[in-house]
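A.B. asks: If you want the building blocks of each chain, they are given just below.
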Amino acid sequence: MSYTTDPARIERNWRAITIELDSPRPGRLERMLQRLGLPTDVSRLVVATPALRRSWFVALGLSMLIGLLATDAAKPRDDLFVLLLIAPLVPTLGVAMAYGSNADPAHEVGLATPMSGLRLVLTRAAAVLGFSAAFLALISLLAPSAPAMAFGWLIPSFGLCSATVAAMTFMAPRRAATVAGTLWVLGVLIARGAGDDPLAAFTVVGQVLMAVVAVVGLVVAVQRRDRFDLLAVR
Amino acid sequence: MTNSEIDAVGQADQEDRALVARIARRDRSALEQLYRRHAHWMTPRLESRCGDPDLVDMAIQDTFVSVWKSAKKYRGDGAVGAWLWGIAIRRLIDQMRKKRPTSVDLQAVGGLEHAMAFEDTLIDNGTHGSLGVALRQLDPDLRAVLIATAIDGLTTKEAARLLGVPQGTVKTRLMRARQHLQETLA
Chain A
-5 MSYTTDPARI
5 ERNWRAITIE
15 LDSPRPGRLE
25 RMLQRLGLPT
35 DVSRLVVATP
45 ALRRSWFVAL
55 GLSMLIGLLA
65 TDAAKPRDDL
75 FVLLLIAPLV
85 PTLGVAMAYG
95 SNADPAHEVG
105 LATPMSGLRL
115 VLTRAAAVLG
125 FSAAFLALIS
135 LLAPSAPAMA
145 FGWLIPSFGL
155 CSATVAAMTF
165 MAPRRAATVA
175 GTLWVLGVLI
185 ARGAGDDPLA
195 AFTVVGQVLM
205 AVVAVVGLVV
215 AVQRRDRFDL
225 LAVR
Chain B
11 MTNSEIDAVG
21 QADQEDRALV
31 ARIARRDRSA
41 LEQLYRRHAH
51 WMTPRLESRC
61 GDPDLVDMAI
71 QDTFVSVWKS
81 AKKYRGDGAV
91 GAWLWGIAIR
101 RLIDQMRKKR
111 PTSVDLQAVG
121 GLEHAMAFED
131 TLIDNGTHGS
141 LGVALRQLDP
151 DLRAVLIATA
161 IDGLTTKEAA
171 RLLGVPQGTV
181 KTRLMRARQH
191 LQETLA
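Line by line, the protein sequences are chains A and B. Everything in the first sequence is counted per the working numbering, starting at -5 for the first residue and increasing by one. Everything in the second sequence is counted per the working numbering, starting at 11 for the first residue and increasing by one.
In case anyone wonders, no lab produced these hints; they're calculated from the structure. Here a beta-carbon is modelled for each residue, glycine too, at the ideal position from N, C-alpha and C. Don't take every hint at face value.
[To be verified] Cβ-to-Cβ under 8 Å is the rule here; a few derived chain A residues that face chain B:
{"id": "1", "residue": "Thr(-1)"}
{"id": "2", "residue": "Ile4"}
{"id": "3", "residue": "Ser95"}
[What the hints assert, rightly or not] Over 12 Å on every C-beta distance to chain A, these chain B residues come out as not near it, computed from the model:
{"id": "4", "residue": "Arg38"}
{"id": "5", "residue": "Met52"}
{"id": "6", "residue": "Pro54"}
{"id": "7", "residue": "Gly61"}
{"id": "8", "residue": "Asp67"}
{"id": "9", "residue": "Asp72"}
{"id": "10", "residue": "Val75"}
[Said to hold, decoys possible] One side only, chain A facing chain B, incomplete, derived with CB under 8 Å:
{"id": "11", "residue": "Leu15"}
{"id": "12", "residue": "Ser17"}
{"id": "13", "residue": "Phe164"}
{"id": "14", "residue": "Asp190"}
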């Protein structure tokens, strides 16, 4: 019995094997995303999102946790207030830090690619929002009083991120996040001062309002999407 | 096989085992040696299972990439060649699952016929005695199922994927093949 294979083919396959062995292996997160069914380009894009660096999350997580533990457990609605006030700012900052020449070393290179800036912004915003939400959910479970209200930050987070993305068509990402975040904090404080309930901003009316902001922000961003493809000198 | 031939096979397998042990210790040159010792027979044998040479190439590559990653898992309870074949045939099925193989004109691919005929020559050689005769008389469809399960060691599910027929068909064919063999060998 004789088996013969073209020697050139043997060589070709060996070269392919060495290339495969030498090529860098995607990180654990990237492989996990791919297993969840994300295409390779999107998973790489998500993993390369600057705001998703581990240090960033650790720092934020620790500071929020400490803030939560330091609040007076005798007044559970007060520490809930702190959590609900700060939580939507986490993904908002993340979204601002995931795009633009300040945050992303590959920003200019990205502008030169045929992929639209809006798609990049939204992919990364979704990634940041998804990770932040998962992470905030964990912290919420640790809240001393963890009723359903502890998850009241979810819709406001969507609204605030969406508003930030919309504002990014008018100004630099950092300023956009600052403006949106400031308005948010002011709004919540005003709502608190107006009534007896410290959590006034997170009742049904507030939630619906933030949902509307989320939709409007997205519409504005899509309408003005050309702005994402410009290299603004900022 | 004569005794000296059996000794030679045992000797070759001892060398293979040493190579696998070195691969487990991250020795790239051992992987290359193992590849060069086995790729030349694995390629045509895979081609006898699948008509698309590109898929076969990818299966071969995947096989040795996973050998590199999982050499530690080789338990040594069978010849290294058999272990490699077990990986290779499953990698081929993985490739075929991703992309349905295109049909290849057998007349146009001269070398392939040779490869296809491999199992047949083995049978014709009389190596298997009266079993070989019985196998030769078997309907090609039944023989393919028997080869996939008995020689390649696949499950009926895997064989179904390899041959592109439903699992139930594989089971029926396997049963019929067994009946045929029993009748002929009786």
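A.B. asks: Are all beta-carbon distances from Arg38(B) to chain A longer than 12 Å?
C.D. replies: violated, 8 Å
A.B. asks: Holds or violated: is there a CB of chain B closer than 8 Å to the CB of Phe164(A)?
C.D. replies: violated, 46 Å
A.B. asks: The hint names Ile4(A) as touching chain B; please verify it with the least Cβ-Cβ distance against 8 Å.
C.D. replies: holds, 5 Å
A.B. asks: Classify the label on Met52(B) as holds or violated, using whether its beta-carbon is more than 12 Å from each beta-carbon of chain A.
C.D. replies: Violated: least Cβ distance 8 Å, not greater than 12 Å.
A.B. asks: May I ask you to test the interface hint for Ser17(A) with respect to chain B, counting a Cβ-Cβ separation under 8 Å as satisfied?
C.D. replies: Violated - the Cβ of Ser17(A) stays beyond 8 Å from chain B, reaching only about 10 Å at its closest.
A.B. asks: Would the stated hint for Ser95(A) survive a check requiring a Cβ distance to chain B of less than 8 Å?
C.D. replies: violated, 39 Å
A.B. asks: Once the closest CB in chain A is found, is it more than 12 Å from Pro54(B)?
C.D. replies: violated, 5 Å
A.B. asks: Please verify that hint: Asp190(A), Cβ, nearest Cβ of chain B, below 8 Å or not.
C.D. replies: Violated. Min distance 62 Å.
A.B. asks: Measuring Cβ to Cβ, find out whether Asp72(B) lies farther than 12 Å from everything in chain A.
C.D. replies: Nearest chain A Cβ is 8 Å from Asp72(B), so the label is violated.
A.B. asks: Report holds or violated for the interface hint on Leu15(A), using the least CB-CB distance to chain B and a cut-off of 8 Å.
C.D. replies: It holds, given that the least Cβ distance between Leu15(A) and chain B is near 6 Å, below 8 Å.
A.B. asks: Is it correct that the beta-carbon of Val75(B) has no partner in chain A closer than or equal to 12 Å?
C.D. replies: violated, 5 Å
A.B. asks: Using Cβ atoms and 12 Å as the threshold, tell me whether Asp67(B) really stays out of contact range of chain A.
C.D. replies: violated, 6 Å
Of the numbered hints listed earlier, those contradicted by the structure are 3, 4, 5, 6, 8, 9, 10, 12, 13 and 14.
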